[in-house]
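S.K.: As they're listed, the protein sequences go chains A and B.
Just so we're aligned: the first sequence equals residues 1 to 110 in the working numbering.
Just so we're aligned: the second sequence equals residues 1 to 114 in the working numbering.
Rather than coming from a laboratory, the hints here were simulated on the basis of the structure.
One or more hints might be untrue.
Computed far set for chain B versus chain A, every beta-carbon distance over 12 Å [to be verified]:
1) K15
2) R16
3) Q17
4) A20
5) S27
6) P61
7) D63
8) F65
9) G72
10) D74
11) P81
12) S87
13) T112
Reference listing, derived: stretches of chain A covered by chain B, where coverage requires no fewer than 3 residues with Cβ under 8 Å from a Cβ of chain B [said to hold, decoys possible]:
14) 42-50
15) 85-97
16) 100-110
Ideal Cβ positions, reconstructed from N, Cα and C, are used throughout, including at glycine.
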Amino acid sequence: GEDVEQSLFLSVREGDSSVINCTYTDSSSTYLYWYKQEPGAGLQLLTYIFSNMDMKQDQRLTVLLNKKDKHLSLRIADTQTGDSAIYFCAEPSNDYKLSFGAGTTVTVRA
Amino acid sequence: EAGVAQSPRYKIIEKRQSVAFWCNPISGHATLYWYQQILGQGPKLLIQFQNNGVVDDSQLPKDRFSAERLKGVDSTLKIQPAKLEDSAVYLCASSRRTNTGELFFGEGSRLTVL
Chain A
1 GEDVEQSLFL SVREGDSSVI NCTYTDSSST YLYWYKQEPG AGLQLLTYIF
51 SNMDMKQDQR LTVLLNKKDK HLSLRIADTQ TGDSAIYFCA EPSNDYKLSF
101 GAGTTVTVRA
Chain B
1 EAGVAQSPRY KIIEKRQSVA FWCNPISGHA TLYWYQQILG QGPKLLIQFQ
51 NNGVVDDSQL PKDRFSAERL KGVDSTLKIQ PAKLEDSAVY LCASSRRTNT
101 GELFFGEGSR LTVL
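Chain A on its own, in the form it takes in the complex (with noise of 0.2 Å):
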């Protein structure tokens, strides 16, 4: 996980935005993932990126993908409690080993 960084903690208001950053290191990539993990329970891939796009909406998520800058941010629309989570972002070695961040641990606020 020493090759990707992310921030480590997001608080947010219900019904407001979140926004999760990841800086990645290689360049070669050609998927990048976000992945969600709830307390006490096992990771579960939220959504995914191709590399020759700049961006992906999936219903509330949106993930954009700044490859100069080697940057990935996943944006979470109308936050509901139920997003509270902690959220990885991996990007795949050469032969498809996953490097995960440290995660950012986004707690939802009423």
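Based on the hints, put chain B in the right spot on chain A.
M.R.: Below, chain B alone, put in the same frame as chain A:
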């Protein structure tokens, strides 16, 4: 479809003791992974199997950790002897094929070494 099953969910042992974790992947998934997740960190790959063969065990501390997937289905991860720094959640994941980032994770086995 049933998810990835892991047991036990929790284990507390003293240092120098041994422990084993079991994982049953999603049916039909050829690739199985064991990850170590230390509190406050992202998961770190320990070992990857393709069917019953090892694809990558470069990050596995082989002096104390071992893993097997004898019949290409379920897998066991063993630690002997355990150290304090082995306290972590051990996550098992599976995928349909090797070259994918779409992994399906179990709930994990939380190990506390005293």
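S.K.: If a hint holds in the structure, say so; if it doesn't, say that too.
M.R.: Results of checking the hints against the structure:
1. K15: 25 Å, holds
2. R16: Given a closest Cβ separation of 28 Å, the condition holds.
3. Q17: With a cut-off of 12 Å, Q17(B) remains clear of chain A, as the shortest Cβ separation is near 24 Å.
4. A20: Nearest chain A Cβ is 19 Å from A20(B), so the label holds.
5. S27: S27(B) is indeed farther than 12 Å from all Cβ atoms of chain A, at 17 Å.
6. P61: With a cut-off of 12 Å, P61(B) remains clear of chain A, as the shortest Cβ separation is near 17 Å.
7. D63: Answer for D63(B): holds, closest chain A Cβ roughly 22 Å.
8. F65: 17 Å, holds
9. G72: Given that every Cβ of chain A is farther than 12 Å from that of G72(B), nearest at about 20 Å, it holds.
10. D74: Nearest chain A Cβ is 16 Å from D74(B), so the label holds.
11. P81: Holds: least Cβ distance 26 Å, greater than 12 Å.
12. S87: Answer for S87(B): holds, closest chain A Cβ roughly 16 Å.
13. T112: At roughly 15 Å from the nearest Cβ of chain A, T112(B) sits farther out than 12 Å, so the non-interface label holds.
14. 42-50: Result for this restraint: holds, n = 5.
15. 85-97: holds (count 6)
16. 100-110: holds (count 4)
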